[in-house]
Amino acid sequence: MEDLSRFKQTYFDESAELLEVAEAGLLRLTPGEVDSDEVNAIFRAVHSIKGGGGAFGFTELVAFAHEFETVMDGVRNNTVPVTTELVDTLIRANDLLGQMLAYAREGDPAPAGTTDGTVAALRRHLSGGAPQAQAPAPVPSAPAPAPVYADDEDDEAGLFGDAMAAIAAARAEEDPVPPGKLRWTIVFRPRSDLLMSGNEPAFMLRALRRLGDATVECHTDALPTLQNLEAELLHLSWTVTLIADADVDLDKINDVFEFVADDCDIRITAEAPPPVSSGTSPVTDPVPVAAAAPPAVAVATPEAPPKTPGADAPKAEAARPRPNGGGAEHAGLTSHTIRVDLDKIDRLVNMVGEMVITQAMIAEHVRELPPGEFQELLEGLEQLAQHTRELRESVMSIRAQPVSSVFSRMPRLVRECAATTGKEVQLVTSGETTEVDKTVVENLVDPLTHMIRNSIDHGLEGPEERERVGKPRAGTVHLSAQHRSGRIVIEITDNGRGINRPKVLSKAIEKGLVQPGATLSDEEIDNLIFLPGFSTADQVSNLSGRGVGMDVVRRNITSLGGRIGVYSTPGEGSRFVLSLPLTLAVLDGMVISVGEERFVLPLTNIVESLRPKAADLHGLVGKCDVMMARGEYVRLVYLHQLFGIPGAVADPTRALVVLVETEDGARLGLVVDEVLGQQQVVIKSLEANFRRLDGVAAATILGDGRVALILDVAGLREMSRHMDSRAPRPPSSPVAALPAPALEPV
Amino acid sequence: MKKKVLTVDDSRTMRDMVSFTLKGAGYDVVEAADGQQALGVIGANKVDLVITDLNMPVMDGLTLIRRLRATPAHRTLPILMLTTEADEKKKSEGRAVGATGWIVKPFNPEKLISVVQKVCG
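Top line first, the protein sequences correspond to chains F and E. In terms of the working numbering, the first sequence has 1223 at position 240, counting the first letter as 1, and numbering is strictly consecutive. In terms of the working numbering, the second sequence has 27 at position 21, counting the first letter as 1, and numbering is strictly consecutive.
Calculated from the structure, these hints are not laboratory results. Hints should not be assumed to be uniformly reliable.
Straight-line alpha carbon distances no greater than 30 Å define the calculated BS3-like cross-link-like pairs of lysine-lysine that follow [stated by the list, open to error]:
no. : chain 1 : residue 1 : chain 2 : residue 2
1   : F       : K1164     : E       : K117
2   : E       : K97       : F       : K1235
3   : E       : K8        : E       : K95
4   : F       : K1235     : E       : K10
Next up, chain F with everything else stripped away, as it sits in the complex:
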């Protein structure tokens, strides 16, 4: 069995998927409308987990899975009625099965009694249903159903009663015989249609030969004449005399005929070795056939399927399952997916990253070559760049996974939350197939779990309250995902009461998060819920208020390079918007210069770059500068001020303004010296190598070997706001005054 242990990983991976399948099915299992396909799928999942578990000897797990499976079988056969209670029990059982798998994976035995309660609950459903064969055992924690799983060949062999009886006496007689050889006589008379089940007598005779020295007689007395011969029917029978060691017992011989027990007449008898020949070798001195046997026409050695002259030929043809000739060997249909160790993919991702850098480096050098020459080299490099980009995308897509693996966990959560809070909740999901990097998917679980709990706990009203305000009793939580400007945007929308702004504000003041008397915009108040230590629930509830707040959610999202925002309308509901990068490794960027420094702007943020006229620029007293761009006022951000870079161009009319857009659609103008060019850059985490910096998403290495920071546009916007409130700058020279309330800076 050691050989098979290498499949454990596959087994655990597959089982994890099966558990999800089972859970999804169980969550859809509704009393009164049982979909047999669904039930079958659940049954199969549990069944497969059990089957694999048996192969690896996980007896506890198998025993429990068996209980689970038995109930599912009852559901399948309509003997166990589907009730809400049953579904709850089955969901618990599925969870427990997951735990048992975890124990098995770790190689730990499950603590004693782990399954007792659930097994008892499962059995109650069984006994409550229609008459069942399995009477619940009195001991709740029965050991593994041994008879079924015992690694005992007896279970696997079909035994024929009469042969057993015939031999019992003979055996009793032999027992006193001292160890040595035994002689068995086996009369094997198959039914004529034996071949139709794909069984081949020749193989059985060959198998007997493996047990010892066999002499085979073929009886052709039942053979019809050639005209009447049915090639596909069997007309022969055999008598085999087998001289075998004492350890070859009846079971081993019966095992040979395991599959044909009911399709033939078999008589097996055993005798002690004949006194005369006992000393001599049985090979050279085959024991004569018993006189009772039908007339022997031919005696064949067992090397080949028994042969009789002439008439046997058609039979031999038919008996062979299929011609054994050449024929083209086609590659078999195998699975369309392969499992690859994540490390291998990550190495590939890294290598592609390095390749992107190298390619940029070559491009850099080539730029210095005299123009007009080396045309072919340049074309080749252009192609290389193209291929590199495609390679990068392909590699990234290997790591991409649909968010459905996270979304599929949410129905369960919603069900539980609804039960705990007594609210009626309908979960709607969309965009489950949207793909994003595996790491991002995995790290979405906790934030989404928390946010959905939050939406149900704090956002949705109870059914009565909803009816009072004229809403349907059941609240709706909509979870959606989509790709937008090179990122994935996930929204959680509820149609509950919305954020209670006065309450949030007073709480924030009470907690010292906001100065009393401060005036905050609605949006600012809404975003207070992301501050550390903030909780609006009057009493810490069982669900969302467990000391983990939205601040942790925000921290999780930020650490993935994502952002979170909330939009709320009192009485109508709230919408949380998460935006995350699709990949954490490579990015298409625009290299810009400010003074001597180089920065990279993610291409997905950039709208356009322009050189503003003095007339387009306006200053807000005590606040920021704004620029009129395409009929819209846009806040200007001076990067050299933000990062304290000397020697940069300060006057926007002489510098460049790069118009950028954040995921939530807000725009700002970054004042930079120059735009140097577009480039793919490999993201090197700052947090892993240094620490988090405001306004900076990560770092990268440029083609000339210099380190450049990758800018985080939304972070820049935050920073510039803080600069406004902390230290109002003296207005820049070419700026005209503008009345403050007239515009809404982004």
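Fit chain E to the supplied structure of chain F, relying on the hints for placement.
Just chain E now, with coordinates in the frame of chain F:
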């Protein structure tokens, strides 16, 4: 020439184990995840033995056996069915549709090899 065995199972673990065990014993192994796929594989390959699970999505094992036996070319093709229990009812159902024999899951590698040898030499 190597004999070719088709393993039909919706469980990847099971297919992998059957495949690994039999390849180690000198057989060629091809795989299918359900009865429907299996028919496709058999259509494109010369298969000497089919080992099929019974409970599978799309097309179950009994249907697969029935479909194979209805084809003249596969009247005598050895077909082993995998059952998780020593379930007499399943065995007789299998026999009724023309299965050659059965293997009880979980099997140990030696048992599998010996059964395979028994039905396809």
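Each hint tested on the structure:
1. K1164/F <-> K117/E: Given that 30 Å is the threshold and the Cα spacing comes to 25 Å, the pair holds.
2. K97/E <-> K1235/F: Given that 30 Å is the threshold and the Cα spacing comes to 20 Å, the pair holds.
3. K8/E <-> K95/E: 34 Å, violated
4. K1235/F <-> K10/E: 26 Å, holds
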